[in-house]
Each structure stands twice: as C-alpha cells, then as structure tokens.
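Could you build the full structure based on these sequences and the hints that come with them?
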Amino acid sequence: MGIVKNVVAGAAGAEMLLLLKGAIEKQGGVKGIVQKFEQSGLGKEAQSWVGMGPNKPVTPDQVHAALGPDTVQQLATKAGVPVKDMLAQIAQHLPGLIDKLTPNGTAA
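The numbering of the sequence shown is the numbering used here, which starts it at 29 and goes up by one.
These aren't lab readings, by the way, just hints derived from the structure by calculation.
These figures come from a predicted structure and were not determined experimentally.
Glycine residues also receive a C-beta, built at the ideal position from the N, C-alpha and C atoms.
Mixed in with the good hints, there may be bad ones.
Think about it this way: if two alpha-carbon atoms lie no more than 25 Å apart in a straight line, the pair counts; the simulated DMTMM-like pairs of lysine to aspartate or glutamate are [said to hold, decoys possible]: (1) Lys-54 / Asp-127; (2) Lys-64 / Asp-98; (3) Lys-54 / Asp-98; (4) Lys-59 / Glu-43; (5) Lys-128 / Asp-113; (6) Lys-64 / Asp-127; (7) Lys-106 / Glu-43; (8) Lys-54 / Glu-66; (9) Lys-106 / Asp-127; (10) Lys-128 / Glu-66; (11) Lys-128 / Glu-43; (12) Lys-128 / Asp-89; (13) Lys-84 / Glu-43; (14) Lys-112 / Asp-89; (15) Lys-59 / Asp-89; (16) Lys-64 / Glu-53; (17) Lys-59 / Asp-127; (18) Lys-84 / Asp-127; (19) Lys-112 / Glu-66; (20) Lys-84 / Glu-53; (21) Lys-49 / Glu-66; (22) Lys-72 / Asp-127; (23) Lys-112 / Asp-127; (24) Lys-128 / Glu-53; (25) Lys-54 / Glu-43; (26) Lys-49 / Asp-113.
Here are the computed distance ranges between Cβ atoms for each label pair [what the hints assert, rightly or not]: (27) Met-80 / Gln-120: 29 to 37 Å; (28) Lys-59 / Pro-110: 25 to 33 Å; (29) Glu-53 / Gln-120: 31 to 39 Å; (30) Glu-66 / Pro-97: 29 to 37 Å; (31) Ala-107 / Thr-87: 17 to 25 Å; (32) Gly-133 / Val-109: 28 to 36 Å; (33) Asp-113 / Thr-134: 29 to 37 Å; (34) Thr-105 / Thr-134: 29 to 37 Å; (35) Met-80 / Val-109: 30 to 38 Å; (36) Ala-116 / Pro-82: 15 to 23 Å.
Set out below in structure tokens:
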C-alpha cells in the first residue's frame, strides 16, 4: 500500500504545482506574484525565492494577505479542498516553485 499512497501523493503534488503555476500566470507571472507579496510587506521573502540563496518561508496567513481571499477561494474551489488546506499548500509549495521558475535569479 505504501507505493500506491506515494503515487497518489505524488500525483496530488503535481496537480497542486500545475494549479499554482496557472495562478502565477493569472497574477501577471512571477513578477506579478512577487509584487503582490512585496505590497503585503513580504518583499524579503519573495525576493529570496527569486534570488540565488535559500528560500524564506511564508505562513498560510501571509499567503492569504498577499493573494487576497478571492484568489485563494478560487484556487481552493478548483482544487476541491478547504481554503485552510489550500493556504497551507500554497505556503509550502510557492517558494520552491518561484525558485524553480527563476533559475537565473531574476523575475521576468
């Protein structure tokens, strides 16, 4: 059963990353997402994801403040999960995703 559970978890993770990538594009790309976090007072965190050093974490509450309730609700509905779970997933995956989308340390 462990293998099946890992495959299902991997598929769910991949689906979440695709959902987040779509949300990033909808917000104006990496630059747009970074600006949203900067406007919410999380510029150091967002810049760490783009830059070459370690990624600073964000909390679900910080994600909620930066993206706004409407965007978070839309993502949660699309994913079929409660808003609380969606916020936790975004907080967990967004820093790494932005990091991977900016391999040269710049937001395009």
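(Q) Name the hints, by number, that the structure is in violation of. (A) Numbers 27, 29, 30 - these are the hints that the structure violates, sorted from lowest upward.
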